[in-house]
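Q: Residue strings, one per chain:
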Amino acid sequence: MGRLNWQLGQVIDIQMETAQTKSLKLAVPDWIGHQAGQHIDVRLTADDGYQAERSYSIASPPEETDHISITVERLEEGEVSPYLVDELRVGDKLELRGPIGGYFVWEARMGGPLLLVAGGSGIVPLMAMIRHRHKIGSLVATRLIYSSRNFEDIIYRDELDRLASDDRMLEVVHTLTRTQPPGWTGYHRRIDAALLGESAWPSEQRPLAFICGPTSFVETAAAGLLALRYEPARIKTERFGPTGGT
Amino acid sequence: MSEGFISRGFHRRNRQNDDSGRIPPGQYLERGFPVLTAGPTQHTPLEKWDFSIIGEVDQPKRWTWAEFQALPHETVTVDIHCVTKWSKLDTQWEGVSLDTLLDQVVFDANYVIATSDGGYTTNLPLDEIMGGKAWIVYAYQGEPIAPEHGGPARLLVPHLYFWKSAKWVRSLRLSDHDEPGFWESLGYNNHGDPWKEERYWGD
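Going down the list, the protein sequences come from chains A and B.
Going by our numbering, the first residue of the first sequence is number 1, and it counts up by one from there.
Going by our numbering, the first residue of the second sequence is number 1001, and it counts up by one from there.
No wet-lab data here; the hints were simulated from the structure.
Note that the structure is a prediction, hence the values are computed from the model and not measured.
Careful, some of the hints might be misleading.
To be verified - Subject to a maximum C-alpha distance of 27 Å in a straight line, what follows is the list of computed DSSO-like cross-link-like pairs (lysine-lysine):
#1 A:K236 <-> B:K1048
#2 A:K25 <-> A:K93
#3 A:K93 <-> B:K1085
#4 B:K1133 <-> B:K1196
#5 B:K1196 <-> B:K1061
#6 A:K22 <-> A:K135
#7 A:K236 <-> B:K1133
#8 B:K1133 <-> B:K1088
#9 A:K93 <-> B:K1196
#10 A:K135 <-> A:K236
#11 B:K1085 <-> B:K1196
#12 B:K1061 <-> A:K236
#13 B:K1085 <-> A:K22
#14 B:K1061 <-> B:K1133
#15 B:K1048 <-> B:K1061
#16 A:K22 <-> A:K236
#17 A:K236 <-> A:K93
#18 B:K1133 <-> B:K1085
#19 A:K93 <-> A:K22
#20 A:K25 <-> B:K1085
What the hints assert, rightly or not - Derived list of chain B stretches under chain A, where covered just means 3 residues or more per stretch with a C-beta under 8 Å from a C-beta of chain A:
#21 1002-1009
#22 1066-1073
#23 1195-1203
Cβ atoms here follow ideal geometry from the backbone N, Cα and C, with glycine treated the same way.
Here chain B stands alone, though its shape is the one from the complex (with noise of 0.2 Å):
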């Protein structure tokens, strides 16, 4: 344990690190937007694009690119927090909520797992991310999300750290039970609050 403890000669150095109450424990402010993968960047042509929700639902639901651009979205602009320690102020997207898109099965489940192009997946608690607290985004600051930043299209959990904001997503797969992800099997925390700083398994 290392309770108390001082690091001998250190100071706070970054001003801008402000104290706005909008950095998370353990978060600095970041002006740029890192990219973060395990693998490499996915590249899906958008005419095969489509986006699913599969699993416990009465009748699954699929949307072309073309369809889900038709879907009612919103602008939403959010703090987001990746747990390599980094936090972006403000940032600016566009897409489709996850309560449009639920609103559109009849589903008895408590969980989704989201998988992406390339394998990734991640898991979420359903209340996590309904009642306007979950996007599938297709543009960042006005303009179309750059591959490397999950475009064509992205989920986007701001109130979670940023590995739950599955980039590539392509389908939500509803459930009954829980089910570790890609991160989640690996270490790192299962539900990933950024202001309880719950980063690594047990936290």
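Chain A on its own, in the form it takes in the complex (with noise of 0.2 Å):
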């Protein structure tokens, strides 16, 4: 295989997802096709010459050829996704590579029944396998068992009942940690081992589980359902963020 080149995406079209975050639609003439989970690299350069890099998670399915989308949330202290939430505009052009990433991937093929597990904009590699899902007709049943903060923070949230109510094979499970609308019914707390004992797919279904999230949920979750008897390799895991200390 050859060398991944840095190629230019130009945007063709942004939305914001939540106060935070916001999809930027690429049209990438030379993309080469991915699979869902992967992500692609991106590289600002300041016009003194300094660059930074940082990567991301693909939204869209393998089946939109034309473009690709990345979902990005703001981090205050960050260099990068500052500059691509607030100052990218449509029309611009955007230094990429990729696709990167073999290994947290799903295909329909794969089977399942398949258990999704995100943590805030975690949830972006796991949105473009329920998308690719979504458009090849698959029927692998699904779970996507979702942590957000506050009931705004939910990314995709419009698409994700839409699709959850248009498919009995898709269920998608909430929970608010910080705090909840009035008449709220999802669950409103972390993930813990309970949750997930009454939400997630029997071991016996020996479930395929991807967990997206920062690396305290991820460890939370990943133990969690190892403790359900998950498989180990059949349970993959992409962490992500800060971990404010060692």
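Work from the hints to combine the two standalone chains into their complex.
A: See the structure below:
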């Protein structure tokens, strides 16, 4: 396989997802295709030559071939995400290369049942899997357990509602860890073993699990699934974000 | 190609990304210690832990935890560089040099494959891990290494991207030929020198 060359994508659409996150749709003329769950590297170059690189998960499904989307959460102390969220406009170009990562990926032929566990913006690569599944009309039984701080912080909320209401093989379980709107009937605590025990597929069905979120979230979720006797080799994880210490 | 491209409106924000010359291209300075693993964290009790050198050796060698602790050990302070872009400076580790371990076997090999609890593997040329370049470490900043950071013991090869520093390492298999490990089979560079930005296949 050849080198993953840097190439220029052009921003063709920007969607505000939440107060802190935006989805950027990029036309990438030489895109070689990707699998749901993979990411790209983005490189910014200042006029003094200073460069910064970061990785972002691809949110769009492989079936959309003329563009890719990334969803970016603005990190206050960040260097790249504030530029992508605050500065970038439709028509601007962005230097990127990819796709990257061949392990945290799901294709419908890998089967299921599929358990997706997302913390905050960890939903992004899992959304690519959900969109891929929908695009090809897959009937693989799928559950998403999605932890957000507040109702307003749920990324892709409307799309997830719509997809789940049209598809009896797709279930979305939300938990809101900080505040809940009046009449909220979902969970209202951080993910823990009991919550997973109630919401996750039983291990006898040999589920395939993907967990993405901040480190402590992923540690808790993975340990919880192991306690439910999930097979370690069928739990794939992706962790991100600062840890604040060691 | 995108030679000479400037990102409109982008300026350096992060002044602590200093130019001390210790941050390789495309990396940024991290103060915390992020965790990256492809699967669940492994928890191996010390009484079940051992470390082996196997493969192309005259006599395979195995150490229990107690035997391993009795080996001559060193404390090293090194900079580490993760392919996900963070670099962390002046991390302090304690453990046993691979020179010390390999001194105890007679072998004819050019490569090693490190294998960890959970099945993770990574491959390295022998000349990249001998001569004071690699260790099996069991303490970080004076404390036992936390499980999510690879405890009870991990490989430390600081001059290569940190996926080569396998967490939860349990054996080195010596081989006369090179075999790509886990990430090396999934698009990541076979060598992984951060100063040459060898992140992915073909870099």
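Q: Hints numbered earlier in the text: which of these fail when held up against the supplied structure?
A: Numbers 5, 7, 12, 17 and 22, in rising order.
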